[in-house]
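**Q** Here's the letter readout for the chains.
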Amino acid sequence: MDFELAPEVVRYRERVREIIAAHHTPEAVQHQHASGTFNNPALNRALAAEGLVERAVPGLGAGDPIELWVLFNEMEKAGAPLDALAMAVMIAGVVQHVGTAEQKAAVIPAVTAGDALICLGYSEADAGSDLSSLTTRATRDGDQWVINGAKMWTTMAHEARWVILLARTDASLPRHRGLTMFLLPMDTPGVRVDPVHTMATERTNATFYDDVRVGDHCVLGEVNGGWQVMSVALSFERGVMGGSNPGVSLLRHSAQWAHDSRRINEPAVREKLARVAIDNHVAALLTQRSAWIAASGGMPGLEGSMTKLFASEAYQQASRWFQEMAGAEGLLQFQQPGAAADGWIEYDARHSPVTTIYGGTSEIIRNNIAERHLGLPRMRR
Amino acid sequence: MQLAFSADQQVLAEAFGQFFSRESPTSVVRRAEPLGFDAPLWNALGAMEVWGSDATLSDLCVIGETAGHALAPVPFAEHVVVSRLLARPALLSGDSVGAISPREANAQGIWSIVPAGAIADIVVGLDGDEFVAVASPAPFAGPANHACAPLADRDSRSGERSVIGNRHHFERSMSELKVITASMLVGVAALALEMGVEYVQQRHQFGVPIGSFQTVQHGLADLPGRIDGARLLTHQAAQALDLGRVGHNAVANNDITDPHSLASMALLFASDIAADATARSLHFHGGYGFSDEYDIQLAYRRARGWALVLGDPTAERLALANRLWPSAVRP
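For the record, the sequence lines run as chains A and B. For the first sequence, my numbering begins at 1 and goes up steadily by one. For the second sequence, my numbering begins at 382 and goes up steadily by one.
Worth flagging that the hints you see were computed from the coordinates, not collected in a lab. Idealized CB from N, CA, C, for every residue including glycine. You may find that some hints are simply not true.
[Claimed, not checked] Some chain A residues well away from chain B (every beta-carbon gap over 10 Å; in silico):
1) A101
2) H197
3) V232
4) G297
5) E303
6) P353
7) N367
8) G375
[As the list claims (entries may be wrong)] On the chain A side, residues computed to face chain B include the following (Cβ under 7 Å):
9) V196
10) M199
11) L234
12) V248
13) N280
14) H281
15) L285
16) W292
17) L309
18) I369
19) R372
20) L376
21) P377
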């Protein structure tokens, strides 16, 4: 094995770090927490202005494919908001993979300029882990599709230019087969966005689609091929595009708390710091492996799932350890005098629960690993 | 970057995987108990020309994993470290067996509970600030222990003693021992997972294989990602030691390249997953897992013994913390 990054990638990483340092300011963070919108447009544009976003789009081929991981891993380690840009880059990669010339011309320049965001319209109120039971439908009317339904957890929908929407187009086919992915402009008449507020301050949304009429140019990939399109997107998402190293900023804040509270010399504290450092390092290595497989032309679906499972469970464990060690000060929120790590310990304890839920719950991931990696019999339900 | 075995390493993994499954089936592992050493296996391994070859630590970790996977009753990690250090002809031929004491000699000059101490005729370790090698006859006996490992106390001041370095050199050898041991523990963990997956498909209760129950599936599904992570970390540590760079510990940025920190992390993470994988696999074997007749107990005991003979993991974590957060708060 060889863990050395190519010199070109090291230079890319250095430049990404410099730009993050310049734009991921305390003021920007405060604005995100005040607004609930976890995005930093100035940072996205600054990265885009030097072509660093374009280089990372899967399949565009401008840079070493490993740069996709480098970009979002650096953002995540710095604690910069990355999901909005990551979703856009991931979907740009999907469009590059399966989109029409017209879709590529519309989406890719807008995303690589750091301007356009794209949200994910997969889950529904009654279709979460059992996604293929979704009921949003698109029916044919002449040369148009008429879309009706509602989606949950469409984070960034209130800022996004497009949603990629998974809808049932043929109810007569088995559940996974009769689905089609649409690349739908958010300003299409009939689309409505309602906010959903979360425990971790970040705003997500419910989106509603009432007699939304679009032409075939909005179909992404094949009609009734939506599940495959989503698999391409998931293979970019899981493990590769961030979301697998949240423990790094947690550890930085926890070490800060340990110094500030003069508990850095306590063996119980130091042992936990060391444990979290190891878990963070392993999570990064597993993510890097997924990225390497993807960069070598593979589809690291299962490897990415294992990475996400390990990293999110470890992060949740770590956030609990440090909130407990910080005691009452670990309850205090941002801007409160005496708050452990200026409120970050409390924030991580609010944020960590979602990480074993979104992007595939730990249970669904374990089902997949058991059946597809370990070859165990289909489970008894 | 190449985050899988190279073509050469795949050849090594296959050759030594076949060697150990042929020469070290669990009947051989059982035959070697309680001492934990099988002379015919040792001689066969010597004929594979591992010792004194130009193999890198990374390559030796590939072989170490196959040895661990076979629970091989030979002092692979200890002998690798000592033969890389001393390169004496008897070590390179396998006529001598090397051991290294993780503990310093006590006031009387005794190294206690030395791994491979029961079978080694060349033992290295710290006596005060001196890193010494002592040639003396192997006792071929030692205290009965959890892993049926060839442990014994050894005297650092009798026999043919030579000073071979200082604490700094000892640390380097200990990091090599940690990395090779980690690779063997990865092999034990992978073996335990395979045994568990196989058993839960054979064992039927309620008219179905128990491997079709979700609780059983989930208990096993947590393991492969962690085993892969342990293998990656072990090989990163081995590469760092092979390259011989100083490295750094930029822990705030999750950027750790110091070889000694990586070796410590690899040992800790691999010990943890080996302990968990063997415990879960044994549990899913039910009462049979607890019986001597089934092989999972062999893996369970070695997962703990091979790791803990290097010391208390909490102490190792605190030593790691000293590398990662060296600055202390002033009173």
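**Q** Was A:V232 rightly flagged as not at the interface, with every chain B Cβ beyond 10 Å?
**A** holds, 22 Å
**Q** Hint validation: A:W292 versus chain B, beta carbon distance must be below 7 Å. Holds or violated?
**A** holds, 4 Å
**Q** Given a cut of 7 Å on the nearest C-beta pair, is the interface hint for A:P377 held or broken against chain B?
**A** Since the shortest Cβ distance to chain B is 4 Å, the answer is holds.
**Q** Have a go at the A:N280 hint: is there a Cβ in chain B nearer than 7 Å to its own Cβ?
**A** Check passed: Cβ of A:N280 comes within 5 Å of chain B, closer than 7 Å.
**Q** Taking 10 Å as the cut and beta carbons as the points, is A:H197 off the interface with chain B?
**A** holds, 31 Å
**Q** Does the CB of A:V196 sit less than 7 Å away from some CB of chain B?
**A** Hint violated; A:V196 Cβ to chain B Cβ min 29 Å, cut 7 Å.
**Q** Hey, does the A:V248 contact hint survive, CB to chain B under 7 Å?
**A** holds, 4 Å
**Q** Quick one, is the A:L309 hint okay against chain B at 7 Å, beta carbons?
**A** OK, holds: A:L309 within 7 Å of chain B, min 6 Å.
**Q** Taking the shortest Cβ-to-Cβ distance between A:P353 and chain B, state whether it exceeds 10 Å.
**A** Fine: 18 Å to the nearest Cβ keeps A:P353 off the interface.
**Q** With 10 Å as the threshold, tell me whether A:A101 passes as away from chain B on beta-carbon distances.
**A** holds, 33 Å
**Q** Are all C-beta atoms of chain B more than 10 Å from that of A:G297?
**A** Non-interface label stands for A:G297: nearest chain B Cβ at 13 Å, farther than 10 Å.
**Q** Let me know if the C-beta of A:L234 comes in closer than 7 Å to any C-beta of chain B, holds or violated.
**A** violated, 16 Å
In this structure, the earlier hints numbered 5, 7, 8, 9, 10, 11 and 19 are contradicted, and the remaining ones agree with it.
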